[in-house]
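*Asks:* Sequence:
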Amino acid sequence: MFMNAEMNVTYITLGGHVELNKYRYLYFMIMFTMYILIICSNVTIMCLIIIHKNLHEPMYIFIAALLLNSVLLSTVIYPKLLIDFLSEKQIISYSACLFQVFLFYSLSGSEFLLLSAMAYDRYVSICKPLQYPTIMRKTTINIFLVLAWLLPACQVSVPVVRCGITELCDFTLKGIFCNNSVNYLQCVTSAALQIYGLLILFNIAIFPALFILFTYTKILIIAYRSGEIRTKAVQTCLPHLLVLINYSCLMTYDMIIVRLQSDLSKTAYFVMTLQIISYNPLCNPIIYGLKMKEISKHLKRLFCQKSGKV
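The numbers in the working numbering rise by one with no breaks, and the one at position 262 of the sequence shown is 251.
Hint data in this document are derived by calculation from the structure and do not stem from the laboratory.
Heads up, the beta-carbon is just placed ideally off N, CA and C, and yes, glycines get one too.
Check before you lean on any hint, since a few could be wrong.
For lysine-lysine, the following DSS-like pairs were computed, each having C-alpha atoms within a straight-line distance of at most 30 angstroms [what the hints assert, rightly or not]:
id : residue 1 : residue 2
1  : 286       : 42
2  : 207       : 255
3  : 282       : 117
4  : 11        : 117
5  : 255       : 163
6  : 11        : 163
7  : 117       : 280
8  : 42        : 163
9  : 69        : 127
10 : 286       : 127
DEER-style ranges, computed between Cβ atoms [said to hold, decoys possible]:
id : residue 1 : residue 2 : range
11 : 129       : 14        : 32 to 40 angstroms
12 : 128       : 203       : 19 to 27 angstroms
13 : 136       : 175       : 40 to 48 angstroms
14 : 234       : 282       : 18 to 26 angstroms
15 : 175       : 120       : 45 to 53 angstroms
16 : 120       : 147       : 32 to 40 angstroms
17 : 42        : 78        : 27 to 35 angstroms
18 : 14        : 158       : 29 to 37 angstroms
19 : 180       : 17        : 38 to 46 angstroms
20 : 68        : 244       : 19 to 27 angstroms
21 : 188       : 131       : 21 to 29 angstroms
22 : 32        : 71        : 14 to 22 angstroms
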């Protein structure tokens, strides 16, 4: 533990780095490149959606929100991680650590809720096309966006605040950023807090995932009755399903490796953690850029114009 006597600040050591003295510059260059790619790819598609009026539809607005969420989630992790690669000591204040935990899990929950809003939009569009303009109004979209970011933040804040007033007996986190591993730093784990954590998991991850699967099942049933609708369903729903499966696997991955961290080698834990924070933010713009017809069309025009100017 590192303690600032004047300010009474507790510091946590991030002990999940592997051979940092030997590979610090290699780690930095790889993760810095990844971060730049994440920012550029996600922001490019977001800008296309903002600029082109034919993309000002609920589906594309939710895609832009999802990509923005990926950028925010990456920014919660990458800057601190890059600083740690170049620092002699990989430490973080306990309050900053809890803030990182809060942002990481609230934004992770927002990802599922945004995917749920997208699934509902596709359900109304394909299964109730005549009612679509009435249901998916601008007010409805704004409510969905606000709730997608507000609900997880409110729910995640409760255990984070509780952790802030709990006594610590360990000051070394077995990871490279702050996640729910901070629970293992406490002297006494609260059973009530663990139950509440399961309720949060159900509310912001499991229930939205089940809702998404239910809506897409309904869509597929309708799609089999019409060839035209079937084509539309595949074109618009497949990317959302790929992102859902991808993100669900990564979040399950995160929970599993936290539980098994004592049984995993430090190197395996390090590599798995890097995959969690890199894979999804890079895949989302690729999936939507390639699979969404209108976005793909604008991307081709953008790059063709640039290559023509060169």
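*Asks:* Hints the structure violates: just list their numbers, smallest first.
*Replies:* Violated hints (numbers, rising): 2, 4, 8, 9, 11, 13, 17; every other hint is consistent with the structure.
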